[in-house]
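**Q** Sequence:
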Amino acid sequence: MDDEFLLRFLRTKKFKVEVALRTIRNYYRHRRESPEIFQGLRPSKLRHVYQANGQMRLPHRDPDGRPIFVLRIGCWKPCEYDYYQLRKANMLCLEDICLDPAVQDCLPARFKAVHVVYQPSVFNVFFSLAKPFLTTKNINRIHIHGSDMASLHQHLPPSILPEEYGGVNGAFDNTKYCQSLYDREDSFVQDMKYGYCP
Numbered sequence: 001m002d003d004e005f006l007l008r009f010l011r012t013k014k015f016k017v018e019v020a021l022r023t024i025r026n027y028y029r030h031r032r033e034s035p036e037i038f039q040g041l042r043p044s045k046l047r048h049v050y051q052a053n054g055q056m057r058l059p060h061r062d063p064d065g066r067p068i069f070v071l072r073i074g075c076w077k078p079c080e081y082d083y084y085q086l087r088k089a090n091m092l093c094l095e096d097i098c099l100d101p102a103v104q105d106c107l108p109a110r111f112k113a114v115h116v117v118y119q120p121s122v123f124n125v126f127f128s129l130a131k132p133f134l135t136t137k138n139i140n141r142i143h144i145h146g147s148d149m150a151s152l153h154q155h156l157p158p159s160i161l162p163e164e165y166g167g168v169n170g171a172f173d174n175t176k177y178c179q180s181l182y183d184r185e186d187s188f189v190q191d192m193k194y195g196y197c198p
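In terms of UniProt numbering, the sequence shown is residues 1 to 198.
The hints are simulated quantities; they were obtained by calculation from the structure and are not laboratory data.
From a predicted model like this one, the values you see are computed outputs, not experimental measurements.
Among the hints, erroneous ones may be present.
Restraint-style ranges between C-beta atoms, simulated for each label pair [said to hold, decoys possible]:
(1) N138 - E4: 37 to 47 Å
(2) L21 - P158: 33 to 43 Å
(3) F126 - D186: 21 to 31 Å
(4) G170 - V19: 35 to 45 Å
(5) D3 - C79: 39 to 49 Å
Even glycine gets a Cβ: it sits at the ideal position worked out from N, Cα and C.
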């Protein structure tokens, strides 16, 4: 493992070494127990998923300097690719956020907020069922806006959002972002070579 890789874990755990080590162990345990996600994890093998234009890191950060990852689950095409391929594509996007030196000071792997928009009514039922299993801290980080873009804009200004979310940055288009993933394929492949033996 190189220093940059280890620093990702230390930063996200506020440089608490024991907590970071536990996270590294959990990360590798998850990789070992979920081969359907981590084997062959490279952007070039997921072009068909990215072409659905369903996920990307937005080019602008939120007012606190944090990266914004958008997942448009409605773009998922289960007849063209399965759930595990969707998870792989999203995993690479999250790995990309953690690797970006421009956002590392923002503790990129610590989720500060989840904003849900245009959700179907069934989402509210499932969320109500899941709430008892979530911590108060995590519940407070989930913001459900529906189609109320004014509510979303209280957290994320229109100046950083695509048109679909009441923004002024043109239509949602992940083409450039995905090209940056393809261009960095070697770094993803290298990271997948790292391991941990308990």
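**Q** Check each numbered hint from earlier against the structure, then list the numbers of those it violates in ascending order.
**A** Numbers 1, 3, in rising order.
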